[in-house]
Amino acid sequence: MSAEQAQQQIIEEFSAYEDWLDKYNLLIEMGKDIPVIDPRHKTNNHLINGCQSRVWLHAELRDDGKVYFSADSDAVITRGMVSLLIRVLSGRTPDEILNTNLHFIDAIGLTEHLSPTRSNGLVSMIKQMKLYAQVFQLKTKN
Amino acid sequence: MSTLPDVDALRQSFPALAQTVYGKPLIYLDNGATTQKPLSVINRLKQYYKAENANIHRGVHYLSQLSTDAFEKARASVAAHINARQKHEIIFTRGTTEAINLIAHSFAQHLNKNAPKVLITAMEHHSNLVPWQQWVLQNGGRLMVAGLKPDGSLNMEHFEALLEEQPDIVAITHVSNVLGTVNPVKAITSIAHARGIPVLVDGAQAIAHMPVDIQDIDCDFYVFSGHKAYGPMGVGVLYGKEVWLDRLPPYQFGGEMVDRVSFDTTTFNELPFKFEAGTPNVGAVLALETALSFIRKTGYEAIAAHEHNLTSYGHQLLSRVEDIEFYGTAPGKEAVISFNIKGIHPYDLGTLLDKMGIAVRTGHHCAQPLMDHLGIPGTVRASMAVYNTLNEMERLAEAVNKAAMMLR
Ligand SMILES: Cc1ncc(COP(=O)(O)O)c(C=O)c1O
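Protein sequence lines correspond, in order, to chains A and B. With the numbering used here as the guide, the letters of the first sequence map in order to residues 1 to 142. With the numbering used here as the guide, the letters of the second sequence map in order to residues 1001 to 1408.
Isolated chain A, as found in the complex:
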């Protein structure tokens, strides 16, 4: 499944719900399926700044040339949001990650969380994921 297909799938899943609370319920449920970060990596080094809750994010470049993310958060809504990002961006090449426009966030009505003044750090998470991709891209091109 491409990143675009993953986004379409997420949009479809959220479109089943009208009520805000139901959407958040879904988000919380999705957070439970997150590829959980290895406790070894749950350190300050992997902590993302700018969140009211704590978010740890790890990325590794595997032999298949793709980047795999794992994460965790002490807040379940935040964990749900990272899990969506991971669904879209994990298991893709650095190029794909850098070129993906995350339009699903707007489409499922979570745009408000994209505001840089929002304290959940969704913006910081995206930035961090793209930064990892950038670093790996440089590595693979060398």
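Calculated directly from the structure, the hints in this document are not laboratory data. Treat the hints with care, since some could be wrong.
To be verified - Chain B side only, calculated, beta carbon under 10 Å to chain A, not exhaustive:
id	residue
1	Leu-1026
2	Lys-1297
3	Met-1406
Said to hold, decoys possible - With a straight-line Cα cutoff of 20 Å, these simulated PhoX-like cross-link-like pairs (lysine-lysine) come out:
id	chain 1	residue 1	chain 2	residue 2
4	A	Lys-23	B	Lys-1355
5	A	Lys-23	B	Lys-1402
6	B	Lys-1402	B	Lys-1355
7	A	Lys-139	A	Lys-127
8	A	Lys-23	B	Lys-1024
This one's a predicted model, so the numbers in the text were calculated from it and none came from an experiment. Where is the CB? At the ideal position from N, CA and C, for every residue including glycine.
With the hints as your guide, set chain B with the ligand onto chain A.
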């Protein structure tokens, strides 16, 4: 019962309360951050910019005189509100934070000493902590922090023990913005004065809820913000005893605060202008006067009676929520309920409450050291004002229950 305010009627004059968010009626319980404004305050601002706007203390013309007179009348009215002896003991600032920075800065210059000591408490807002901390850090001094008891009240034994080490100044909040604790500022001032130590009281969370009589408290400085007391943002009040304000050097320099300027030297204007450099927020000062008059008209007694009902009812309803923990249960606490539910992050709870139309604050509330002291990352805080209703407390409790169920 006759002292209770007519809340339904009151709410009519707060247009911001009549809206819906996410399709639900707004329940505004973030009054500790800032209160909504009554129409009288909004209209006062409008009126100023429509008909009275002119720079003050400067022009010979009609409008300038009009706004100058209104500004000085507002000063007198603020002085009367807190029972200050003289109107020039009232300095207008941008808010509580600026007022504390002003005193910390000018007091430091005045004292001009190595290794200064400042006594604060573990429940201070960053605004009444960082300005003092930075001063003592830069001069090899020490910030002394009086601890708390488990119910969130001040540990007076500890406070008195630290007082014996003869700090240069005591800076203490009147009411804690997280715990709601009301500190015995009059008694504290009296024991500090007995040792010749001046006292600054941070009244940011007090002025909207309880009458403040500056002569009765007898503190040397008292500060508050307009926006937490039904007034506009961008204006605050610094009360200082005349003897202190005379003694302290100016904080900022520029127009208005000078007497005579030459290229070689400057003499400064008299009080209160010495501390009011530059053009003040005239419209906001006038609207602050209106806000304080709204409070007096409603009556502190009525406000307190209603808010205490809200607080104890809220506590009673919320205490039925499984695994809830309250922070701050001191007797006579103000209209603030801080809590967590075991195993649930305050951010999650706050986010879901928001989606149910309930505005609360989550996080550390600008009191990180207090959070460290309590060993938690943050709390959910519901802070009430006179226009909140018992029904809103019921809806809060229902929403917290519902959110907790989703998050468990
Ligand atoms: C106890 C206390 N002190 C100081 C402040 C700072 O007030 P302002 O931001 O209006 O300067 C606040 C505001 O949250 C407060 O609650």
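Verification of the hints:
The interface hint given for Leu-1026(B) is broken, as the beta carbon of that residue sits about 14 Å from the closest beta carbon of chain A, more than 10 Å. The closest approach between the C-beta of Lys-1297(B) and any C-beta of chain A is roughly 36 Å, which is over the 10 Å cut-off, so the hint fails. Proximity of Met-1406(B) to chain A holds as hinted, the smallest CB-CB distance being about 6 Å (cut-off 10 Å). About 10 Å separates the Cα atoms of Lys-23(A) and Lys-1355(B), which keeps this hinted pair within 20 Å; it holds.
Taking the CA atoms of Lys-23(A) and Lys-1402(B), the gap is about 15 Å. The hint holds against a cut of 20 Å. Using a Cα cut-off of 20 Å, the hinted pair Lys-1402(B) and Lys-1355(B) holds, with the two alpha carbons roughly 12 Å apart. Our distance criterion of 20 Å between C-alpha atoms is met by Lys-139(A) and Lys-127(A), whose separation comes to about 18 Å. Restraint check for Lys-23(A) and Lys-1024(B): the C-alpha separation of about 16 Å stays at or below 20 Å, so the hint holds.
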